[in-house]
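K.L.:
Since each chain comes alone in its own frame, lean on the hints to assemble the complex.
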Amino acid sequence: QKEVEQDPGPLSVPEGAIVSLNCTYSNSAFQYFMWYRQYSRKGPELLMYTYSSGNKEDGRFTAQVDKSSKYISLFIRDSQPSDSATYLCAMRTGGATNKLIFGTGTLLAVQP
Amino acid sequence: DTGVSQDPRHKITKRGQNVTFRCDPISEHNRLYWYRQTLGQGPEFLTYFQNEAQLEKSRLLSDRFSAERPKGSFSTLEIQRTEQGDSAMYLCASKPGFTDTQYFGPGTRLTVL
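The listed protein sequences correspond, in order, to chains W and E.
236 is the number of the first residue of the first sequence in our numbering; add one for each residue after it.
2 is the number of the first residue of the second sequence in our numbering; add one for each residue after it.
Treat the hints loosely; a few may be bogus.
To be verified - One side only, chain E facing chain W, incomplete, derived with CB under 7 Å:
| id | residue |
| --- | --- |
| 1 | Q42 |
| 2 | G43 |
| 3 | P44 |
| 4 | F46 |
| 5 | T102 |
| 6 | F105 |
| 7 | P107 |
| 8 | G108 |
As the list claims (entries may be wrong) - Below, computed lysine-lysine pairings styled on DSSO-like, alpha-carbon distance capped at 30 Å:
| id | chain 1 | residue 1 | chain 2 | residue 2 |
| --- | --- | --- | --- | --- |
| 9 | E | K58 | W | K237 |
| 10 | E | K12 | W | K334 |
| 11 | E | K96 | W | K302 |
| 12 | E | K58 | W | K305 |
| 13 | E | K72 | E | K12 |
| 14 | W | K334 | E | K58 |
| 15 | E | K12 | E | K58 |
| 16 | E | K96 | W | K305 |
I should point out that these hints are in silico values taken from the structure, not numbers from a laboratory.
Every value quoted in this text rests on a predicted model; they were computed, and no experiment measured them.
Where is the CB? At the ideal position from N, CA and C, for every residue including glycine.
Isolated chain E, as found in the complex (with noise of 0.2 Å):
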């Protein structure tokens, strides 16, 4: 399989822990991006990378939340202290620098107690 992969696909944790999930994108796609989707919305944008370099946050990127590519190739995003809010399903997507797809991954299931 050459798609996106992401890992875990479910994490149950409880409140005020730290949990890191992690994107593998489609290879040698040089941009990747992660998406937070809660129930019954859209995916909303958190953060982008262009390789290694992390170009934009949101705003709803809290301080609690990081997010890493270290070698330009896969992507980790952790969150510290985590709350019942955070719980959601957050997506890593992919794409090559010279097409506008979006490739997603089929998402981290976050349950936070």
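Next comes chain W alone, as it looks inside the complex (with noise of 0.2 Å):
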């Protein structure tokens, strides 16, 4: 079983829609949670950084953690042509590496 656990899509919305993209991992000591965004060809880049459980929300983007549920989610109001790319949820423990545990990565395309 892998640690972090992620539904690879791919999620088709309409343009505006709501979009939920969600995580579930299994190793208590995880910490720090964080969203990247990665376009076809490209790095991933960071969206959301989250630290324990809780909302934070950032423009049209709002990550959950519920650590007692080990799950994780992004929200995505208002969605955009634009926002068509894989999603990654990564996360990791306290540890003084700072390595990053990823999910899969699930694919988004929204439709105009």
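P.N.:
See the structure below:
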């Protein structure tokens, strides 16, 4: 079993829809949670960063962490065609290395 | 452009050949990471440098792989005797010591024929 599970999709939504992306994890030592966006043939780009449980909002993006359920989510409001990309959840423990453990990524297509 | 750069962007090689990739991190980022990403998967951690010291290596990094960061600036990743299973995107990321954000480069896509 992988430490981080993520539905690979693909997920197709119409422009303006609310998108919900999710990951579950098994390692209770994970403390820091991130969402990266990756366009085709590009490197990942950090979208959201959260520490411990709770919500964090940044523009159209909201990240949620529920450590009791080992479940994290990313919500995208008023989705745009430019949001079409692969969304990767990532997390790490509090160790000194800061190495990230990624999910498989969810491919999102926002149809105009 | 002051982001992380990687060279080459694409590499096609024959099985058994050696290849070397280069990563130039953002200036003054003392931490540098290598990840590998295969099709349909998320990046997997390979190794980590703090300045010139290689502090952690994943079990994914077999004896055919070696990474260096000789002066604590750029880094190289060499794969000897390449195998078809080495075909992947090799990503480099860097970060300063005081933040949690890793900045990724565009990656080097390796195809082993």
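K.L.:
Given the hint that E/K58 pairs with W/K237, test it: the Cα-Cα distance must not exceed 30 Å.
P.N.:
holds (19 Å)
K.L.:
E/G43 was flagged as interface toward chain W. Is the shortest Cβ-Cβ separation under 7 Å?
P.N.:
holds (3 Å)
K.L.:
If you draw a straight line from the CA of E/K12 to the CA of E/K58, is it 30 Å or shorter?
P.N.:
Status holds; Cα separation ~23 Å.
K.L.:
How about E/P107: closest beta carbon in chain W under 7 Å, or not?
P.N.:
holds (5 Å)
K.L.:
Against chain W, is E/G108 within 7 Å by beta-carbon distance?
P.N.:
holds (5 Å)
K.L.:
Does the structure keep E/K72 and E/K12 at a Cα separation of 30 Å or less?
P.N.:
holds (25 Å)
K.L.:
For the pair supplied as a hint, E/K96 and W/K302, is the alpha-carbon distance within the 30 Å limit?
P.N.:
Distance of about 26 Å is within 30 Å: holds.
K.L.:
Holds or violated: E/K12 and W/K334, Cα atoms, limit 30 Å.
P.N.:
holds (26 Å)
K.L.:
Quick check on the hint: E/F46 CB to chain W CB, less than 7 Å?
P.N.:
holds (4 Å)
K.L.:
Quick one, are E/K96 and W/K305 close enough, alpha carbons at most 30 Å?
P.N.:
holds (27 Å)
K.L.:
Tell me if the interface restraint on E/P44 is satisfied: Cβ within less than 7 Å of some Cβ in chain W.
P.N.:
holds (5 Å)
K.L.:
For the pair supplied as a hint, W/K334 and E/K58, is the alpha-carbon distance within the 30 Å limit?
P.N.:
Within the cut-off at roughly 10 Å; holds.
The structure shown violates none of the earlier numbered hints.
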